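Participant: Dock chain B against chain A, hints included.
Protein sequences, first through last, are from chains A and B.
Residue 149 in my numbering sits at position 149 of the first sequence, and the numbers go up by one each step.
Residue 367 in my numbering sits at position 108 of the second sequence, and the numbers go up by one each step.
Derived by calculation from the structure, the hints in this document are not laboratory data.
Predicted model, so just to flag it, every value in this text is computed and none were measured.
Note that beta-carbon positions come from the ideal geometry of N, C-alpha and C, so glycine has one too.
Check the hints yourself; a few may be wrong.
As the list claims (entries may be wrong) - Example chain A residues on the side facing chain B (calculated, C-beta under 10 Å, incomplete): (1) R36; (2) N37; (3) R41; (4) T123; (5) S127; (6) Q128; (7) V130; (8) A132; (9) L133; (10) R134; (11) M136; (12) G137; (13) I138; (14) D139; (15) S176.
Unchecked claim - Here are the simulated DSS-like cross-link-like pairs (lysine-lysine), alpha carbons at most 27 Å apart as the crow flies: (16) A:K34 to B:K377; (17) B:K284 to B:K481; (18) B:K344 to A:K34; (19) A:K34 to B:K329; (20) A:K34 to B:K481.
What the hints assert, rightly or not - Below, a sample of chain A positions facing chain B; criterion: calculated Cβ distance under 10 Å: (21) Q38; (22) R120; (23) M124; (24) E129; (25) D131; (26) V135; (27) Y143.
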Amino acid sequence: MVNNIGKTTVRTIDELGYLFVLLIESLGWLFTGKYRNQPVRLRHIFQEIMSIGVKSVPIACILCFSVGMMLAIQGLETLKPYGAQSQVISGIALSVTREFSALIIAIMVAGRSGSAITARIGTMQESQEVDALRVMGIDPVRYLAAPLFVAMLISLPCLTILGDLLGMLGGAVYSSFELNLSIPIYMQRSFDVLSVYDVMQGLIKSLIFAVIIVLVAVSNGFEVQGGAEGVGKATTRSVVMSISLVVIADMIFTYFLAR
Amino acid sequence: MAKSSLPIINVENLVTHYGDTEILKGIDFSVNKGEVMVVMGGSGSGKSTLLRYLLGLNVPTSGRVCLLGKDITKMDANEMHVMRKNIGVAFQGGALFGSMTVAENIQLPLYEHTRLDKNTMQIMTGMKLEVVNLAGFENLMPSQLSGGMIKRAALARAIIMDPKLLFFDEPSAGLDPVVSAELDELILRLRDAMNMTIVVVTHELESAFKIADRITILDRGKILMCGTVDEVRNSDKERVHNLLNRKPRTDTVNVDEYLQRLTGHGI
Chain A
1 MVNNIGKTTV
11 RTIDELGYLF
21 VLLIESLGWL
31 FTGKYRNQPV
41 RLRHIFQEIM
51 SIGVKSVPIA
61 CILCFSVGMM
71 LAIQGLETLK
81 PYGAQSQVIS
91 GIALSVTREF
101 SALIIAIMVA
111 GRSGSAITAR
121 IGTMQESQEV
131 DALRVMGIDP
141 VRYLAAPLFV
151 AMLISLPCLT
161 ILGDLLGMLG
171 GAVYSSFELN
181 LSIPIYMQRS
191 FDVLSVYDVM
201 QGLIKSLIFA
211 VIIVLVAVSN
221 GFEVQGGAEG
231 VGKATTRSVV
241 MSISLVVIAD
251 MIFTYFLAR
Chain B
260 MAKSSLPIIN
270 VENLVTHYGD
280 TEILKGIDFS
290 VNKGEVMVVM
300 GGSGSGKSTL
310 LRYLLGLNVP
320 TSGRVCLLGK
330 DITKMDANEM
340 HVMRKNIGVA
350 FQGGALFGSM
360 TVAENIQLPL
370 YEHTRLDKNT
380 MQIMTGMKLE
390 VVNLAGFENL
400 MPSQLSGGMI
410 KRAALARAII
420 MDPKLLFFDE
430 PSAGLDPVVS
440 AELDELILRL
450 RDAMNMTIVV
460 VTHELESAFK
470 IADRITILDR
480 GKILMCGTVD
490 EVRNSDKERV
500 HNLLNRKPRT
510 DTVNVDEYLQ
520 RLTGHGI
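Just chain A, same shape as in the assembly (with noise of 0.2 Å):
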């Protein structure tokens, strides 16, 4: 029992160390590559950005628009008994911008782009592709992990300005008809409400999650081990953990944040 407990101990502190290491080679790269005849190329970066940002904008509507509305049904009616339906406008405004936005967009990236990360990463480990990349110079963080950081930290802040929107236009599209106000009066209120660092709140908390869903499914992929089954075991874990994470950071972020 004790001798489990220290070995997982080991084990955490180990991957941890990892993930820091990983996060530090990243950034070396990104900043000193240019000089070390190894740049991180810009084509790789914008290739991750369509593919974890761009491709992901229907879902992320589709996601926050629905929360917005669950928001807004749900403040509706508990605000009723009260006589205070108003107040769900700032309730709305404030909650999806520090919040909702930017927690149910990285779950959705966690789930689409993290998982496929680790797959990808873990098939090429598997294959020898990443000592391939290895034996011809080519440094597997540098050409692999680094793009990801920088297409994450772009596409997730952008993605969380397009919930927040999304959010809101959710919730007025439902108390416009409750409440008996035009769609572009709610926006107009919502706008008045928020100021610029319940937005900031907001952005903060998915450069936070944009790194942490990298780092989780990049150490994942290349720690892949035991064939196909690994790489899908690899992938489970990454989405588990990274969505773990991504919450527990936001509960321990908005403590710091919000007061």
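Facilitator: Just chain B, lined up with the frame of chain A:
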């Protein structure tokens, strides 16, 4: 048939571990410039492991691995980066990148290490594809190629930078005799035409005898023997004989050791 006696690969007392298990138990190994060295051995003899350490993919427990006169175990990342431009590797499964076409795969080292313009790269790719008899397959994806074609494409990628040293892992594994004979010819042509030093890891006897200038036979993490084709053929060592004549191992079982292995501790 060694072209010169200058060792271009020199391994001294290489000891490596996988976890707690000792895999290579003090290997001394050298390859001269311009020769084809075949590393042979049965499964689990450590030949693939030796290749990984020659390529600098793993860090050994102790010992020296010198390529082109420099010890790669003591190199920093930048020196290793320069060294790797002189090395070509064709992996067993090809290790072509599935998301790129054959041409893009072959051009990747050029793209990453040189500033040549696209046309020059395409001409060079075409030339290497001609060398490996794959002209016309530039735009196919690796998944559309057969096993033999993948190996040849991997070889084209390995030689695109005109390396001084070429490593080839199991060129004949999983191929039909005709294709594997073609690959053997190709290896000899590369040695003669481009004066490459080539290390081939294989367990195919026929292919080994055909292409080798010298053969190193590994057995259970140690070098069993190293010599020319004739020396290996005429060797009187029993284990070499067994390997050449495909005899099963007939070791006598040491009862104490056997029991210790089964129970996991001493008795």
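Participant: Can you confirm whether the C-alpha distance between K34 of chain A and K377 of chain B stays at or below 27 Å?
Facilitator: The given pair, whose Cα atoms are some 20 Å apart, holds under the 27 Å limit.
Participant: For the hint on N37 of chain A, just tell me whether its beta-carbon gets within less than 10 Å of chain B.
Facilitator: holds, 7 Å
Participant: Do the numbers back the hint for S176 of chain A, that is, is its least Cβ distance to chain B under 10 Å?
Facilitator: Check failed: Cβ of S176 of chain A comes no nearer than 46 Å to chain B, outside 10 Å.
Participant: Does the closest beta carbon of chain B sit nearer than 10 Å to the beta carbon of R120 of chain A?
Facilitator: holds, 8 Å
Participant: Identify whether the interface hint at T123 of chain A stands, where standing means a beta carbon of chain B within less than 10 Å of its own.
Facilitator: Hint holds; T123 of chain A Cβ to chain B Cβ min 8 Å, cut 10 Å.
Participant: Close enough to count: is the Cβ of A132 of chain A nearer than 10 Å to one in chain B?
Facilitator: holds, 4 Å
Participant: Checking hints one by one. Is R41 of chain A an interface residue toward chain B, by the C-beta closer than 10 Å rule?
Facilitator: holds, 9 Å
Participant: Answer holds if the nearest beta-carbon of chain B is closer than 10 Å to that of D139 of chain A; otherwise answer violated.
Facilitator: holds, 8 Å
Participant: Given R36 of chain A as an interface hint, is its Cβ closer than 10 Å to any Cβ of chain B?
Facilitator: Because about 7 Å separates R36 of chain A from the closest Cβ in chain B, which is inside the 10 Å limit, the hint holds.
Participant: Against chain B, run the beta carbon of E129 of chain A and see if the smallest gap drops under 10 Å.
Facilitator: Result: holds, 5 Å to nearest chain B Cβ.
Participant: Closer than 10 Å between Cβ atoms is the bar; does I138 of chain A clear it against chain B? Give me holds or violated.
Facilitator: holds, 5 Å
Participant: Taking only the CA atoms, is the gap from K344 of chain B to K34 of chain A under or equal to 27 Å?
Facilitator: holds, 18 Å
In terms of the numbered hints stated before, the structure departs from hints 15, 20, listed from lowest to highest.
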